[in-house]
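Asker: Respectively, the protein sequence lines represent chains A and B.
Heads up, the first sequence is in the working numbering, so the first residue is 468 and it goes up one at a time.
Heads up, the second sequence is in the working numbering, so the first residue is 468 and it goes up one at a time.
Warning: the hint list may mix true and false statements.
Intra- or inter-copy, both count: the list cannot distinguish identical chains.
As the list claims (entries may be wrong) - Result set (EDC-like, lysine to aspartate or glutamate): computed pairs, CA atoms no more than 20 angstroms apart in a straight line: (1) K500 to E763; (2) K640 to D750; (3) K472 to E763; (4) K507 to E485; (5) K500 to E718; (6) K550 to E571; (7) K500 to D518; (8) K471 to E763; (9) K606 to D567; (10) K787 to E799.
Because the hints were derived from the structure by calculation, they are not lab data.
Protein chains: 2
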Amino acid sequence: MRVKKNGNIEEITALWMEDKNVVFIDQRLLPHKLEMFVAKSTSEVAYAISDMVVRGAPAIGAAAACGLAQAAMLGQDLEAAAKELGATRPTAYDLFYALDWTKERLQGGMDPLEAARKYIEITVERCFQIGLNGSPLIKDGAKVLTHCNAGALATVDYGTALAPMRIARDQGKSLFVWVDETRPRLQGANLTAWELFQEDIPHSVIADNAAGHFMRLGEVDLCIVGTDRVAANGDFANKIGTYEKAVLAKENEIPFYVAAPVSTVDFSLTSGDDIPIEERSQDEVSMVMGIRVMPEGSNARNPAFDVTPARYVTGFITEKGVFRPDQLGKLEVID
Amino acid sequence: MRVKKNGNIEEITALWMEDKNVVFIDQRLLPHKLEMFVAKSTSEVAYAISDMVVRGAPAIGAAAACGLAQAAMLGQDLEAAAKELGATRPTAYDLFYALDWTKERLQGGMDPLEAARKYIEITVERCFQIGLNGSPLIKDGAKVLTHCNAGALATVDYGTALAPMRIARDQGKSLFVWVDETRPRLQGANLTAWELFQEDIPHSVIADNAAGHFMRLGEVDLCIVGTDRVAANGDFANKIGTYEKAVLAKENEIPFYVAAPVSTVDFSLTSGDDIPIEERSQDEVSMVMGIRVMPEGSNARNPAFDVTPARYVTGFITEKGVFRPDQLGKLEVID
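Taking the hints into account, I'd like the entire structure generated from these sequences.
Answerer: Shown next as structure tokens:
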């Protein structure tokens with residue numbers, strides 16, 4: 468992705484290998500400071516994942532692949548390193564997939580740096596293809612709404628939901644992005660706005676409450692969001708609030724797209740009802756920027772994700788093409 | 468309203484007259500501190516309104532009535548006092564209505580304290596009636612969702628949206644309230660949660676993004692919100708995000724009620740399209756608790772209100788009864 472640094476424009480990714488180090492954009496410091504976090508050991512890579520220096524399932528997977536490759540370069544025990552890295556965010560499927568993938572290659576004799584780079588390459592290539600496949604949906608002058616962050620920071624480069632916007636821009640189209648701030652953790656304001664600013668894509672951040680208002684006024688042409696998990700019937704889970712925006716889009720006859728690699732479709736789940744919803748700490752709602760915003764005697768509820776039924780989805784933008792929810796079965800065959 | 472103070476429970480209102488002083492709950496300090504702001508002069512009452520010691524259109528009207536009565540008690544020029552008080556929040560209709568109402572009574576020879584108390588009494592009585600009329604809609608064990616603050620703090624006592632909940636509780640019903648935090652200004656977390664905590668009404672604060680999720684899960688039995696202005700056809704304006712919740716309620720077949728005195732219906736407006744929407748400072752979105760949450764180069768949009776079309780409204784809860792949107796014409800006759 469493009470970043471503005473000391474008056475220059477550089478191309479970097481969310482993380483990369485540099486000799487035996489794993490280098491990360493420290494996402495904890497965004498949007499105000501662009502600083503790198505250099506992990507020189509397995510425990511430092513594990514810390515980067517668990518303390519959210521890096522977040523987003525595909526980027527976490529890439530971090531784990533790099534961490535394991537680093538352990539191999541340092542002549543350490545692979546099983547022990549995989550165990551330490553796997554204990555960081557135990558719910559992210561990509562983390563375990565990446566550890567298995569990398570271990571298999573290393574044990575098969577692949578050069579560690581080569582293995583890490585290959586994993587990253589596959590991850591980024593998928594996002595690039597998602598961008599190519601999704602960009603025709605964005606007409607010149609379109610106003611696109613997105614929720615949370617499904618950009619380069621979450622996927623090493625390009626992103627999922629943001630990839631079609633970036634490719635459309637590269638194709639010379641003008642576009643404008645409405646960025647839901649995405650309470651409670653504000654990933655829209657903190658991260659998506661930062662990426663769009665770096666890429667010089669015009670955008671405005673809005674309170675999540677304002678998305679419906681702008682849809683009703685005809686100020687939104689289409690919505691594109693990411694997803695954490697898609698069920699076989701096309702129901703999908705994503706950051707809390709996604710369901711609200713999908714319902715509002717349908718009510719206002721606005722196309723609603725979900726961008727994700729095919730690997731996000733869990734064909735073992737027949738419907739979204741089977742997707743477990745994580746409830747996170749109340750503090751994310753009750754404390755804002757470290758300050759409590761409600762009475763000491765009040766409590767908060769904080770579901771981190773919601774499930775949007777397939778009937779609200781216009782299409783899934785994948786690296787294999789754009790599919791209606793009822794066409795997802797084809798992907799099982801293709802994949 | 469009930470408040471917990473040094474281990475005791477007291478009954479107070481958002482504001483009242485005490486000798487020649489106008490005393491306010493200082494709403495700027497909620498939810499953490501319950502302190503009174505004592506206004507001893509016209510300019511101090513004007514400051515209380517303009518600096519949002521008191522907010523909510525009916526409460527602002529009552530503050531203005533008290534301010535003008537105070538000026539009369541202090542032997543000051545009524546026209547000059549009315550002018551100073553009227554210059555505080557120039558868009559609130561209640562402010563001008565209250566100044567005219569009070570001036571007329573004072574000029575007719577009514578005792579100033581009597582005039583102020585009468586204005587407050589009428590305001591509170593309407594809210595109490597709204598509570599009585601709305602309480603049958605809340606069944607024992609109901610889970611009610613509300614947005615923003617339309618409680619005692621905004622209306623001197625009882626509130627509009629919160630009045631039916633308080634009366635239902637007084638009638639011995641158990642109920643639970645979902646409180647939308649209501650970004651950007653967090654009136655739900657700051658004020659509504661505070662009122663419900665004081666009244667010992669069980670509640671949870673949620674990110675605005677989570678309201679749809681809980682509706683879809685069957686965890687919301689009905690919604691009650693306030694309104695700033697209702698058009699003759701039943702379209703209404705209220706805090707940004709209200710439209711989103713109304714659409715989600717309809718999609719999930721949840722009754723959606725709007726609580727307001729009849730005086731809030733503007734029969735001169737044929738539809739909600741004629742209601743002007745105030746756009747407030749970007750800073751309310753870009754700064755959270757004084758800290759900037761988006762890049763310096765990004766901008767925000769901040770509509771303070773939205774318009775919800777009448778087709779999403781199950782009924783208007785007024786002091787005259789509960790009316791469907793197509794029955795609003797009757798209110799014009801009644802009023």
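Asker: Compare the structure with each hint and give your call.
Answerer: Results of checking the hints against the structure:
1. K500 to E763: between (33 angstroms within a copy, 11 angstroms between copies)
2. K640 to D750: neither (41 angstroms within a copy, 30 angstroms between copies)
3. K472 to E763: between (43 angstroms within a copy, 14 angstroms between copies)
4. K507 to E485: Within. Shortest intra-copy distance 10 angstroms satisfies the 20 angstroms Cα cut-off; inter-copy 69 angstroms does not.
5. K500 to E718: neither (39 angstroms within a copy, 42 angstroms between copies)
6. K550 to E571: within (15 angstroms within a copy, 80 angstroms between copies)
7. K500 to D518: within (17 angstroms within a copy, 34 angstroms between copies)
8. K471 to E763: Result: close only across copies, 13 angstroms inter versus 42 angstroms intra.
9. K606 to D567: This pair counts as neither: shortest intra-copy Cα distance 40 angstroms, inter-copy 54 angstroms.
10. K787 to E799: within (11 angstroms within a copy, 60 angstroms between copies)
In summary, the structure is inconsistent with hints 2, 5, 9 from the numbered list given earlier, while agreeing with the others.
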